[in-house]
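For the sequence shown, position 43 matches number 100 in the numbering used here, and the numbering has no gaps at all.
It is worth saying that the hints were derived from the structure and are not from the lab.
One should not assume that every hint holds.
List of simulated lysine-lysine pairs, DSSO-like, C-alpha gap at most 27 Å [said to hold, decoys possible]:
no., residue 1, residue 2
1, Lys-274, Lys-383
2, Lys-398, Lys-431
3, Lys-500, Lys-590
Pair by pair, the computed Cβ-Cβ distance ranges are [to be verified]:
no., residue 1, residue 2, range
4, Thr-375, Glu-519, 37 to 43 Å
5, Ser-373, Gln-540, 38 to 44 Å
6, Ala-109, Arg-175, 37 to 43 Å
7, Val-224, Lys-571, 37 to 43 Å
8, Arg-68, Glu-587, 52 to 58 Å
9, Lys-111, Glu-587, 23 to 29 Å
10, Leu-321, Pro-399, 40 to 46 Å
11, Pro-377, Gly-439, 27 to 33 Å
12, Asn-165, Glu-395, 53 to 59 Å
13, Lys-571, Pro-238, 42 to 48 Å
14, Asp-156, Lys-343, 48 to 54 Å
We treat Cβ as the ideally placed atom computed from N, Cα and C, and that holds for glycine.
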Amino acid sequence: QVSKLADVMVRHGVKKGDRVVIYMPMIPQTVYCMLACARIGAIHSLIFGGFASKELSVRVDHAKPKLIVTASFGVEPKRKVEYISLLEGALARVQSKPDKVLIYKRPNLGHVPLTPGRDLDWEEELAKAQCYKCVSVPSDHPLYILYTSGTTGLPKGVVRPTGGYAVMLNWTMSAVYGLKPGEVWWAASDLGWVVGHSYICYGPLLHGNTTVLYEGKPVGTPDAGAYFRVLAEHEVAAFFTSPTAIRAIRQQDPEAALGKQYSLKRFRTLFVAGEHCDVDTLEWSKKVFKVPVLDHWWQTESGSAITASCIGLGNSTTPPPGQAGKPVPGYNVMILDENKKPVKAKTLGNIVVKLPLPPGAFSGLWENQETFQKLYFQRFPGYYDTMDAGYMDEDGYLYVLSRADDVINVAGHRISAGAIEECVLFHHAVADCAVVGQEDPLKGHVPFALCVLREGIKTEEEKILEEIVERVRTNIGPVAAFQKGVFVKQLPKTRSGKIPRSALSALVSGKPYKITPTIEDASVFKHIEEVLKKN
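Model the full structure from these sequences, guided by the hints.
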């Protein structure tokens with residue numbers, strides 16, 4: 058499939074260094090496309106399946122692809138996503154149109170018409186293709202461009218060099234994740250995210266591990282037992298997911314009763330990343346999955362873990378709760394204050410990495426080296442600015458609390474939103490929460506909590522809020538000035554489970570806010586507005 062697909066691409070004019078945009082769902086054909094591009098030295102740019110036309114057009118215009126590969130439909134829990142109409146909407150807006158569009162028609166989901174002269178039918182093209190040999194590239198040749206929308210500003214196209222990335226991924230599969238070749242691995246992410254690139258596609262395949270590709274969700278496909286079913290059916294040895302996914306399962310099935318019917322005999326380690334994992338979620342995961350649960354921390358830019366427990370190197374599978382590991386070999390992680398000076402242990406500061414960055418990290422931003430220099434290296438010369446905030450303990454464990462811009466300045470005191478969220482989530486009635494800064498005439502900002510309750514909670518909301526306020530006061534201190542919160546049905550999240558804090562902060566402060574295109578359900582903002590009006 059891969060070598061024939063490479064032949065199809067070459068026959069339609071794609072050569073080494075050309076860009077190919079892949080706009081597809083979570084299906085094996087998406088991985089074939091990635092590998093076919095790598096085979097011929099074309100640079101792939103995966104764009105989330107089902108991304109809106111406007112956002113898709115911005116990325117297509119920036120990458121200027123020779124070819125776009127798409128599928129007829131995507132499948133979501135409650136709807137069918139019509140990729141072709143979304144793509145047509147994007148192509149109507151772009152300046153640099155691709156030469157060809159290759160379309161994979163998914164079986165049993167309906168017919169899609171092809172545009173003569175532009176569109177190619179996947180099956181027809183593969184039927185007449187030959188196997189195409191690999192093209193050699195320099196080790197620093199770009200493998201892919203991955204656009205990160207983050208939750209603010211214009212998209213940034215992270216560029217990944219080929220050689221160092223392959224070496225790093227192969228090494229991490231054993232050193233960080235403790236896997237032997239031949240074992241089954243599952244990263245429950247999306248191919249459109251960095252986790253999907255690194256640990257659904259390239260990492261496990263380089264290391265000789267079977268990789269699980271899952272189109273469903275943690276809940277609703279069909280229920281909160283889905284993850285347990287996949288782990289059991291495929292005899293998964295190690296599993297990687299986000300704290301958000303685990304909280305979603307816990308909200309719908311607090312005792313994980315649906316998972317009890319499955320035997321997880323091969324399963325031995327659960328890894329979480331993507332956001333700070335509160336201790337309560339960590340402990341619940343240990344209890345229901347009955348394996349060590351290890352938090353680790355990395356970014357799109359790094360491509361693999363910056364800090365982790367590195368269990369394959371013999372490190373403990375029971376590190377202190379709340380930490381995200383120690384620096385992975387190759388990363389010199391430090392905590393600096395606003396004056397660029399190192400801080401004492403357990404002092405909140407800016408997490409930075411002393412240069413140079415190790416193999417596998419990004420080499421630039423596509424066609425935007427000026428932003429690359431300014432954004433990551435200007436604020437702390439000689440360091441890579443992770444733009445995350447946290448602290449290190451005396452033993453060298455890193456505690457990542459929030460993005461640096463999630464630190465709330467309360468009357469001159471820098472309070473971590475993540476630390477308050479940890480206190481809120483400790484309450485047995487709360488399934489999920491977001492803490493953001495609300496403008497205050499006296500203190501500048503005060504923390505404001507948006508909480509989602511677990512199913513079946515009967516306690517009065519007012520009483521729950523009082524108990525949460527008391528816990529924050531006890532654990533963080535009166536200096537946090539935490540008094541306010543509301544209860545909502547749901548929080549807005551990006552597809553990777555991140556909370557759009559700047560938008561929520563503006564919303565609770567009564568300011569105009571921008572909904573980023575990666576938000577899964579934008580209607581949640583209206584719901585929160587209504588709740589705020591009543592309070």
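Results for each hint:
1. For the hint linking Lys-274 to Lys-383, the alpha-carbon distance of about 30 Å lies beyond 27 Å, and the restraint is violated.
2. For the hint pairing Lys-398 with Lys-431, the CA-to-CA distance comes to about 20 Å; that is within 27 Å, so the pair holds.
3. Distance check on the hinted pair: Lys-500 and Lys-590 sit about 23 Å apart at the alpha-carbon level, within 27 Å; holds.
4. Checked against the given bound of 37 to 43 Å, the beta carbons of Thr-375 and Glu-519, roughly 38 Å apart, stay inside it.
5. For the pair Ser-373 and Gln-540, the beta carbons lie near 39 Å from each other, so the given range of 38 to 44 Å is met.
6. Distance hint for Ala-109 and Arg-175: a CB-CB separation of about 22 Å, inconsistent with the stated range 37 to 43 Å.
7. Between Val-224 and Lys-571 the beta carbons are some 39 Å apart, a value that agrees with the proposed interval 37 to 43 Å.
8. Taking the beta carbon of each, Arg-68 and Glu-587 are about 55 Å apart, inside 52 to 58 Å as hinted.
9. Lys-111 and Glu-587 have their C-beta atoms about 27 Å apart, which keeps the hinted 23 to 29 Å range intact.
10. Taking 40 to 46 Å as the suggested C-beta distance range, the pair Leu-321 and Pro-399 conforms, at roughly 43 Å.
11. Checked against the given bound of 27 to 33 Å, the beta carbons of Pro-377 and Gly-439, roughly 30 Å apart, stay inside it.
12. Distance hint check for Asn-165 and Glu-395: the Cβ-Cβ separation is about 58 Å, which falls inside the suggested range of 53 to 59 Å.
13. In this structure, Lys-571 and Pro-238 meet the distance hint of 42 to 48 Å, their C-beta atoms being roughly 46 Å apart.
14. A hinted range of 48 to 54 Å holds for the C-beta pair Asp-156 and Lys-343, which are about 52 Å apart.
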